[in-house]
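Reconstruct the complex from the two isolated chains, following the hints.
Taken in sequence, the protein lines are chains W and B.
First residue of the first sequence: 1, per this note's numbering; consecutive thereafter.
First residue of the second sequence: 1001, per this note's numbering; consecutive thereafter.
Where hints are given, some of them may not hold.
Selected chain B positions facing chain W (Cβ under 7 angstroms, derived; list incomplete) [as the list claims (entries may be wrong)]:
(1) ALA1024
(2) ILE1049
(3) VAL1050
(4) ALA1054
(5) PRO1062
(6) PHE1064
(7) PHE1069
(8) SER1143
(9) ALA1146
(10) ARG1163
(11) MET1178
(12) VAL1182
Please keep in mind that the hints were generated in silico from the structure rather than gathered at the bench.
Cβ atoms here follow ideal geometry from the backbone N, Cα and C, with glycine treated the same way.
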Amino acid sequence: MSRLLGAFCGFLLLLLGGHGTAHAADPVGEALDQVIAAARADAVGDCAAPNDRLVAILCTGRLRVGVRRDYPQFSMLGQDEAHGFEIEIARAIAKKLGVKVEFTGVTAANRIPLLAEGQIDLVIAAMGHTVERGRQIDFVRPHYFLSETIIVGRRDLPIAGWSDVVGRTVCVTVGNFTNTELIHRHARLLLFEDPVQLVDQLRFETCSLVAQDDSFFAAYFADPDFAQHYESKLHFSPLPWGIGVAHQGGEKLELALSLLSQIFHRDGVFLAMARENHVPTGFLEAQQKLWSTADCDQPDGWQRPGCLMEPPNNVLAPTSFADRVTAFENLIHDYSGIAISLPMLKTEDAFSLLRSGIVNSLILVVGALAATVAVAFVVGAMLSVRNVVLRGAVRALVILVQSSPIVLLLFLAFIITSSAVQYSALVALFASIVALGLYNGCYAGQAIAEAMATLRLETAGEPVHYGRAIRRSTTQIMAFLVNATKGSAIASMIGAPELLNTLTDITSFSSERATTYTVLLIFYSALVGAVVWLTNLARRAYERRGLAA
Amino acid sequence: MIEILPDFIPRFLTGVVLNFEIAAGSLLMGLLIGVPIALARLRGRSLGIVASTATGVMRAAPTFVVMFFLLYAVPRQFSLFGLTVFLSAPMVVVLALTVYSASYVADNALEALQQLRRGSHHAALLFLPNMARAFFVLVLSSSTGAAIGVREAISATLRQAERLPKLSDRLLLFLLVMLFFVATLQAAYAAVAWLRQALTARSAAPAQQTSEPQAEIGI
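Pulled out of the complex, with its shape left as it was, chain B reads as follows (with noise of 0.2 angstroms):
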């Protein structure tokens, strides 16, 4: 079992660097979306209807899925304002968790936009650990795209995995694997609940958190 550890560890954290690339892709993009929709459903009216149920649509998604139709169903290379896009794996991914992190951001973004409105900026500030454990969130679920080939961290562990004949190796690569999780994540949630904290504790009114990321929104 050591033995594999130099070849696998650098391959692992490689993929866990993808990892976090696609779910800073993600959230980047939920943002972009998320945030123009938040203010539209401030606006009420028609325009506030139509954002409402794009949030619902884009939060009832089964993403894996759409990570799947975006592979299968939409051309992999299309021009865009005139620009070729050419969609990778990685991208296909990025994609996917965008519709789930979209509606996350859509429903913070409004929570914190109603505490400004109200004058309480230190609650409207959670949005910002909100958005951290998303990110984390999104971490984990961009191990989804291990089932399309993305090779990140947890498509390199199965694939080395699969090379190891005794069923105890494989058990404790795995128990590996999800000790780094475990800790990695810990210590991100541990700071995003420091920083929540801190930030709890300026406001004067202390926000309602409107949704907590709830497992892995990704699938």
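If we strip away everything but chain W, and leave its shape as in the complex, we get (with noise of 0.2 angstroms):
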């Protein structure tokens, strides 16, 4: 910036000097033309092996732009033709300086690379400026574009507002920041890997919610059957787009560039270009007026604090033992070649996440055995009444609980309790409970009951005590018992914050699932195997006070 600064200061000096009055309605169009006129100035001397950018292009006549090659209406790169928005931006800029353009494919991946090496002079590929990739290059100011993302779902979906997104699934790319509000909002988050596969989820109704970037769909809502069945339902973070120049020479030509776009706003030329290419046009819409009045159609408009949009920092903070957690990794890595990454101890906000995880876990598979421990000699009692009526009806609860999917019996839980009280963590829990409870205890409680039959027969129906049944019972209801364990992570399915879902979270932002995934399992089987050998532990204490009684 201080760079940028200094450049700025030479130009005003060469405007003091007499040159300011070809445009005097226009000082910044004058501004522009006097930050190239000096570069064509140096470039007559100075071509042999210039430091400067905008010198080096003037120098060689050529505009070298990174562009994406496949991005519908913003930049489509084939063989023989190249067409789009940032395309159009790309040679409206070259023409400003009287260059040749010629494009280079970039992706997300390597565009900031070609940049800093030299490959290119620009990059004008959907790179949203954020305060971390401000580090590694400069970005033009004011910016040409502002995406957000949107969550997009069939028409019919009723969506008006966050709280309808609470505990649903929305099927969002890996490795994408803004995955973090839709977790903050509660949403359960199924990962694909490309946006692309994501239109396919919908179409197919795999996903009934998706969220990607709008400049994404632009293309899409372009096409009148996707529009007339789908619409976006929410809008956040937004993510202002700018165009790359390197930090090293690139000053003059950032300068250049800052006064341009300032023009292009102001005299609607970025509008112009975006309704060409059927790209949305609101934040153009809204930055046309803003530079078009007097307190920003300056100069110096592109330093501007009130007329400038501050990039988002989307660096999350580190855990103050995340380097010694970096250091681990690299250790298992060196003696054994395989490599590890555990991002969720390494920022705070993942290792809340798992921290949170692994806490309502525990609090679920607790819940689960006490409600399934619960329901089983509530059933097992019913079911051994002699009122043939009740114990009818107890057996047709039985039978309808034991035929369905607990899928459904999870959702139905979750709809009647979420029907009565607002969604929270707790009431996913709570539903969870209840339907885990619900299915193993049923079944538990079916084996209490044929206990007691049997005592029944063998006493030839003299009175049975009910303890003498569960105890005979035991191993049915041991085993239901970790059957409920075994399947509490099912909960996640309702957004309920358990272990499953919260690593499934971190992996949405910070990519890596190998690793983590390899945990989660871990955590469940000796979740699992926790549970086993204590059930076996109450089933010897509680075999051995039945035969001390």
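This is the structure in structure tokens:
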């Protein structure tokens, strides 16, 4: 920034030197011409090995621009033809500089390295300006576009606000920082690799809601058939897009492009290009108004805070022990050759999710075990009563529960609970505990009732103490307690914040999967092992008490 | 509510077919893995110990978590014996359920093999109704595929319920689906019970069942 200010001061001196009369009505345009003219003057004597990017462009007579190869509406780069909003911007810049434009296809991964290595002069490639990226390259401001993440779903799906997203599954792409917003809104995330997959899942109704950048959906909404069936339900996480310029030797180029961007906004050039390419125009319309105001339409408008958007900061705060975690990962790699990554321990957000996931999983399992025992005792007793009507009614309930997929029972419990009280993590956990307890408890209760029936046969109608039936069916009860533990992760389906869900949340923004889901598998297997061990201990203790009695 | 049925029923039934396909695939894989394990357990010694340990591990594995492990931690496309394998979402469910079905098959196959050794052929045949019962339990368990976007019957039901604004309509839809499963499964269980009874009646020494598939063994 200081180098850019230096370039700007130099340009002001030039301006004060008596060249400011040609554009009396357009000081910004005049300032731009001055910068280009100064660079041209430098180019006359410094073309052997120019240190300045703008001078180098003028010397070679070509502007090398990195653009996306296949980003509909924005940049489509073919063998013989290139078109799209960003292509138009690059051409307009080249025209203003009086040079030829050359396009290079770039990806999200290589666009910054190519710029830093000097293989391209500019990046205009759907690149959001963030604080983190701003440390690697310079971004031309004002920004030329603003994208937002939108949640898209069928038109007949009733989503009025964020409260309707709570507990619902939203399909997202892995490694997307904006997923953190969905996590905070208590949505359940289902991860996919590629944005195109999201649209397929939406069409196949695998996903009822998908979240992705609105610039990605621009092409789809341009299709009348798609627009007829789907709509944007919610939008969040605005991200300004900027033209990228290299730190090294890019000061004058950045200054020239900043002034040119001001003019393009003010004169509606960006807006016209956007309309021509069916790109969303809301941001550009607002920017045209802004840059037409007297306050912003100034040669130094690009550095006035009131005229510019601040880039979002998507750098997550590291944990106090992040360095030691990295050292541990390196150690494992050095000794075993196995590359592991533990993102859940490296940032405060991820570590907080991990802790809450573990605690909630334990609450869930303890609750499911208690509910299973409670339901088992009640169902066992009711199935053992002499009253035929009551026994028949409970028997019908048991058959209904046993013959239904547990996923259906889970959602049934969730719908009923959430219709009575507002959604919270506690409500989701409660509904899950009820469903798991009811399901496994019905089976265990049936085992108790069957034990009771055999005892009655053995004692030829003598009264049988209920405790004896429980003791006889201990093995089955324990088996269903283990089953309840094994199935507890199913609570993630209704958004209960247990470990499966929280690790999926962490994966959604960290991208790491192999180690994360291995950790998850180990955790739940250990939990099942612990419950097996505890139930065996409890059974032995119960049997000893029975023998003593 | 009635107006949604013409659109919902075909999608639901298509989903039911997928549930049956997943269950069949899982049971088939379970047989392919479980029977050799049962044979190994029968041989005893070190191979038997390894096979018994493998059965125990598979029996205790939380298959819902295994499903997510396969979905996210294992590459979706890989090469196996020179063939390119693509792990689709239904295939992930099949493999996850196989972890348990293989252990169930191993337990029952071991019992059947022991009955055969004792000369009780009819008792060994009880392996068949046990597999049939396991199949229907796997049908129920395959509904967990809804969690990873498999378009099976419960997934279709949940999608439909999302679009129903009234709570009463959603509850009614769920009840109808539950009744469908009750009718289907009770009929299936009755057939299995009849088969078991017929086989037991022909057996001189009725076999003891090794392990009844408990609840949804997949979860």
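Consistency of the hints with the structure:
1. ALA1024: violated, 17 angstroms
2. ILE1049: violated, 19 angstroms
3. VAL1050: violated, 18 angstroms
4. ALA1054: Not OK, violated: B:ALA1054 not within 7 angstroms of chain W, min 14 angstroms.
5. PRO1062: Result: holds, 4 angstroms to nearest chain W Cβ.
6. PHE1064: Status holds, d = 5 angstroms.
7. PHE1069: holds, 5 angstroms
8. SER1143: With a closest approach of 4 angstroms, the B:SER1143 hint holds.
9. ALA1146: The hint holds - B:ALA1146 has a Cβ within 7 angstroms of chain W, the shortest such distance being about 6 angstroms.
10. ARG1163: holds, 6 angstroms
11. MET1178: holds, 5 angstroms
12. VAL1182: With a minimum Cβ separation of about 4 angstroms from chain W (threshold 7 angstroms), the hint on B:VAL1182 holds.
Hint violations for this structure: numbers 1, 2, 3, 4, all remaining hints satisfied.
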